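Whole structure, please, built from the sequences with the hints as guidance.
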Amino acid sequence: MNGENLRLDAERMLAGINALPSLPTMVAELLASIDDATADTDAIARRIAHDQGLTTRILRVANSPFYGHSHRIASIADAVIVLGLRSVRALAVAASFASVFKAGTDTEEELRAFWKHGIAAALCARVLARRVGVPEEEAFIGGLLHDIGRVALVTCFPRHMAAVAAYRRECDCSPIDAERAVLGIDHAEVGRLLAERWRFPPALCAAIGCHHAPPVDAYRALPGILHLANVIASALDVGGEADALVPCPDPACWEAAALSADESERLFAEVEAQFGEICEILV
1 MNGENLRLDA ERMLAGINAL PSLPTMVAEL LASIDDATAD TDAIARRIAH
51 DQGLTTRILR VANSPFYGHS HRIASIADAV IVLGLRSVRA LAVAASFASV
101 FKAGTDTEEE LRAFWKHGIA AALCARVLAR RVGVPEEEAF IGGLLHDIGR
151 VALVTCFPRH MAAVAAYRRE CDCSPIDAER AVLGIDHAEV GRLLAERWRF
201 PPALCAAIGC HHAPPVDAYR ALPGILHLAN VIASALDVGG EADALVPCPD
251 PACWEAAALS ADESERLFAE VEAQFGEICE ILV
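Residue numbers for the sequence shown follow my numbering, so the first one is 1 and each next one is one higher.
Each hint should be verified, as a subset may be incorrect.
As the list claims (entries may be wrong) - The list that follows gives simulated cross-link-like pairs (lysine to any residue, SDA-like), each with its CA atoms no further than 20 angstroms apart:
(1) Lys116 to Ala235
(2) Lys116 to Asp237
(3) Lys116 to Glu270
(4) Lys116 to Phe268
(5) Lys116 to Pro65
(6) Lys116 to Ser234
(7) Lys116 to Phe275
(8) Lys116 to Arg57
(9) Lys116 to Ile281
(10) Lys116 to Leu267
(11) Lys116 to Val246
Claimed, not checked - Beta-carbon label-pair distances, calculated as ranges:
(12) Glu109 to Pro65: 27 to 35 angstroms
(13) Ala258 to Gly184: 34 to 42 angstroms
(14) Arg7 to Glu277: 41 to 49 angstroms
(15) Thr41 to Asn63: 19 to 27 angstroms
(16) Leu245 to Gly276: 20 to 28 angstroms
(17) Ala28 to Asp217: 24 to 32 angstroms
(18) Arg112 to Ala39: 26 to 34 angstroms
(19) Arg169 to Thr38: 47 to 55 angstroms
(20) Arg112 to Asp262: 27 to 35 angstroms
(21) Cys171 to Arg266: 33 to 41 angstroms
(22) Pro21 to Thr56: 22 to 30 angstroms
Calculated directly from the structure, the hints in this document are not laboratory data. Here the structure is a predicted model, which is why all the values come from computation and not from measurement. Don't be surprised by glycine CBs; every beta carbon is placed ideally from N, CA and C.
Next up, the structure:
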């Protein structure tokens with residue numbers, strides 16, 4: 001690192017992520033509507049339907065074994081009726097979000113690994129949310145975007161992240177420990193800052209920011225779900241990262257999930273069965 005100061009305080013971090021493009025208007029509206037009980041379902045469906053490419057990807061997922069419906073869903077309006085607005089909104093966010101970050105020759109492989117890990121975490125979060133009564137679709141979006149701070153760092157601070165990778169190799173430590181040592185900040189905190197900039201719902205911002213260390217009172221809420229989904233997705237190793245390390249789960253959080261060995265096996269099997277097809281459609 002040649003003695004260079006690579007520390008990123010909040011001011012430098014915000015200056016960097018402010019260079020990122022704004023969210024597409026429709027994605028911002030979809031995320032904002034998560035907490036809006038009065039959201040106009042028909043208007044949202046019409047907005048999604050106007051984007052033919054997005055509609056095609058949503059319908060491919062809606063008609064896949066992911067949902068397991070026997071009748072073909074032919075339109076966004078049908079999808080809203082059969083799956084519900086929450087599911088369609090989650091699919092729309094998932095299908096359109098990758099366009100915000102443009103992969104370059106130096107970051108393409110890392111960004112692709114990120115989206116694959118995010119999809120696996122989203123699938124895990126959806127299953128875990130079902131067990132504890134958290135809305136599945138919100139957990140799906142949270143799982144997909146829990147590491148968004150990592151993408152921001154790779155995109156906006158590639159030289160800094162190269163130094164983080166070098167530190168990891170030298171010290172044989174976890175990515176988040178290397179980030180803290182080199183940058184003075186980690187991707188979870190960066191993700192929270194970015195989520196707030198993009199006006200994500202407050203609960204989602206908070207969960208992204210603490211997904212490596214959820215508070216005790218949130219073990220069976222969205223922060224705890226994202227924490228465990230990240231661990232399980234890392235263990236499944238779907239991102240294909242040769243030197244990836246599986247983070248240790250918070251023991252109390254794992255205990256609160258109350259997953260038996262058989263339930264854990266079923267969760268792994270469900271995620272692995274769905275991952276390939278969903279990844280092919282969304283990545």
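Going through the hints against the structure:
1. Our distance criterion of 20 angstroms between C-alpha atoms is met by lysine 116 and alanine 235, whose separation comes to about 13 angstroms.
2. Simply put, lysine 116 and aspartate 237 have alpha-carbon atoms about 9 angstroms apart, close enough for the 20 angstroms limit, and the pair holds.
3. Between lysine 116 and glutamate 270, the direct Cα distance comes to roughly 16 angstroms. Compliance with the 20 angstroms bound is thereby established for this hinted pair.
4. With a CA separation close to 15 angstroms, the supplied pair lysine 116 and phenylalanine 268 stays within the 20 angstroms bound.
5. Note on lysine 116 and proline 65: the hinted pairing holds, with a Cα-Cα distance of about 19 angstroms set against a maximum of 20 angstroms.
6. With a CA separation close to 10 angstroms, the supplied pair lysine 116 and serine 234 stays within the 20 angstroms bound.
7. A distance of roughly 9 angstroms separates the Cα atoms of lysine 116 and phenylalanine 275; the hinted pair therefore holds under the 20 angstroms criterion.
8. With a C-alpha separation of about 16 angstroms, the suggested pair lysine 116 and arginine 57 falls inside the 20 angstroms cut-off, and the hint holds.
9. Between lysine 116 and isoleucine 281 the alpha-carbon distance is near 11 angstroms, which keeps this suggested pair within the 20 angstroms criterion.
10. Note on lysine 116 and leucine 267: the hinted pairing holds, with a Cα-Cα distance of about 17 angstroms set against a maximum of 20 angstroms.
11. Annotation: proposed proximity of lysine 116 to valine 246 holds, straight-line Cα distance about 15 angstroms (limit 20 angstroms).
12. At about 29 angstroms, the beta-carbon gap between glutamate 109 and proline 65 stays in the expected band of 27 to 35 angstroms.
13. Range check, alanine 258 to glycine 184: about 37 angstroms between beta-carbon atoms, so the 34 to 42 angstroms window is met.
14. Under the hint 41 to 49 angstroms, the C-beta atoms of arginine 7 and glutamate 277, about 43 angstroms apart, fit the expected range.
15. Here the CB-CB span from threonine 41 to asparagine 63 is close to 21 angstroms, well matched to the stated 19 to 27 angstroms.
16. A hinted range of 20 to 28 angstroms holds for the C-beta pair leucine 245 and glycine 276, which are about 24 angstroms apart.
17. Distance hint check for alanine 28 and aspartate 217: the Cβ-Cβ separation is about 30 angstroms, which falls inside the suggested range of 24 to 32 angstroms.
18. Restraint check, arginine 112 to alanine 39: a C-beta distance of roughly 33 angstroms satisfies the suggested window 26 to 34 angstroms.
19. As the Cβ distance of arginine 169 to threonine 38 is approximately 52 angstroms, the hint placing it in 47 to 55 angstroms holds.
20. Against the hinted window of 27 to 35 angstroms, the Cβ-Cβ separation of arginine 112 and aspartate 262 comes to about 33 angstroms, which satisfies the hint.
21. Take cysteine 171 and arginine 266: their Cβ atoms lie about 37 angstroms apart, and the range 33 to 41 angstroms holds.
22. Taken as a hint, the range 22 to 30 angstroms holds for the pair proline 21 and threonine 56, whose Cβ atoms sit roughly 23 angstroms apart.
In the structure shown, no violation is registered for any of the earlier numbered hints.
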